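Quick note, the sequences are listed as chains E and R, same order.
Counted from 1, the first sequence has number 264 at position 264 by this note's numbering; the numbering is strictly sequential.
Counted from 1, the second sequence has number 1217 at position 217 by this note's numbering; the numbering is strictly sequential.
Take these hints with a grain of salt, some might be off.
When the alpha-carbon atoms are kept at most 25 Å apart in a straight line, the in silico SDA-like pairs for lysine to any residue are as follows [to be verified]:
#1 R:1098 / E:158
#2 R:1098 / E:139
#3 E:98 / R:1046
#4 R:1098 / R:1049
#5 E:98 / R:1049
#6 E:98 / R:1079
Derived by calculation from the structure, the hints in this document are not laboratory data.
What you are looking at is a predicted structure, and each value in this text was computed from that prediction instead of being measured.
Protein chains: 2
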Amino acid sequence: VKTVLVTGAAGFLGRHTLAPLAARGYTIHAVVRPGGAIPDGLDERIAWHRADLLNPDEVERLTAAAGASHLLHLAWDVQHGSFWTSSANLDWVVASLKLFDAFSNRGGRRIVAAGTCAEYDWTAAMPCREDVSPLRPSTIYGRSKLALSLLLESFSEGRGLSAAWARLFLLYGPWEHPDRLVAHVARSLVAGRPVAVSSGTQVRDLLHVADAGAAMAAVLDSSVTGPINVASGEPRTLREVLDAMSRRAVAPGLVQFNALRDRPGEPAVLTADVNRLTTEVVWTPALSMAQGLSDTIDWWANRAHSAPA
Amino acid sequence: VKTVLVTGAAGFLGRHTLAPLAARGYTIHAVVRPGGAIPDGLDERIAWHRADLLNPDEVERLTAAAGASHLLHLAWDVQHGSFWTSSANLDWVVASLKLFDAFSNRGGRRIVAAGTCAEYDWTAAMPCREDVSPLRPSTIYGRSKLALSLLLESFSEGRGLSAAWARLFLLYGPWEHPDRLVAHVARSLVAGRPVAVSSGTQVRDLLHVADAGAAMAAVLDSSVTGPINVASGEPRTLREVLDAMSRRAVAPGLVQFNALRDRPGEPAVLTADVNRLTTEVVWTPALSMAQGLSDTIDWWANRAHSAPA
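For reference, chain E alone in the conformation it holds in the complex (with noise of 0.2 Å):
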């Protein structure tokens, strides 16, 4: 029986893993923050707990409740406008070490954690590839991550288990942050709202979070060890996403290019190489652009018609 220990299971990405990994097969223990809400409207068999991730007792409890052959850790502190420069990722860090500890001491096999496109440098050669890039974070919450994931190698070869380090790069659909540039243009252009946005040239790697769902099941679900890309592997400019999206809008022009500067110090282009993910885990994504962004709008939409006034 394959056992799957989920952390963050309640957040934008751990949601759309759970059906993926149910359809694998997978036992699921899927745990949310002391308080976090627990999804609805998600698999019954599903064995949720609430456990803080920063309380090492919680961690040894956790692990040992679950007693999981597969550990999917997503838990971390993605505070938005925040996490980017917090100290919480150092906690984070240490918190991570913890859990992998007690996972491994509890009988657990093999871990796939979340890592994140801003390990690269992104001032240098694109797309971003897992062996040659250069990795040069120029965050908190970018170093933490690279240093996390120098420890699960050393970790993992220490104990003789089986890890894979996911590098996420841009994900957008249901339950993004609503301040998050997919989800707030969504919002503003279902409101029928004019909305302003940047020049719209950057070149980004997107990836519909239901397909990023799908795709962490796959690598936990594969032998593949070490930094793996998830992403579409397929560049486009924002400009060409925005306008896909201002296609499907009740009213044209609403989505104004050059309205906002763009950031300093913005990558021009930040792409990934998906050749890891395509031939060794043998995953690509199942939606198109065009029917991943009418999904965000669609979700969007229902939830304003939801929504109390």
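Got chain E; can you put chain R on it based on the hints?
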């Protein structure tokens, strides 16, 4: 008043930092492990402490007792032969973070910690430069040190501390582990024994540990931040080094080149760019290679004569 807490103070490098720190006007608190010997013949004004840095309570007690403005963190698990792959490396990452936190909480303002040339990609172009050379450690030791450097950078940024990370290359001299290359050859020469070595074609940067100790004191006493190579900046073949040693031996021909194979995976060249050390810290070695090797052989000769039979 500048007060420094030196961890690993009785170690190979640590004991050579104390006189240079005293000369720069630091009040010194020096830490050895519980049961560890306190070195003889050093400055009597040094306040010695015994503490297990892997124990958070002892770290609190130690940092409170020292009340230091500066931290020179050299302690680590560097058990000869095992430290490259030991899981103790991870414990030292966590313990070091705890130490940084406790030191900062007690008013500490500047940290210098020991990194390693093993953080660099040894297959990349040489010499290693702090700002551009790729960081791809291939060992648990190298990965753990690199991880800690990233975490220290984040921690110091978050707390507004000043911090530098001294990447040490090869050191030799008094108190080196007797099984390491220079010490092993010196002991053989002193005893008049033949000593088998490999080709000697390897190019390395070797620094006498007394110079390394002085360099660490200089780095601590500077305002340089981030990674900084601590090395001689003078690449030598090992053959040059061992030939120079051999010329000082009582009998010729004791050093037998090519009697051992080069280790698989060993880099042909591993050298340091010392521009930061030279121009920003404004420090250069005091000892020539000939002087340093003479000193080392003399030291082993004295030890051989004073050791019990």
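### Message
Name the hints, by number, that the structure is in violation of.
### Response
3 and 5
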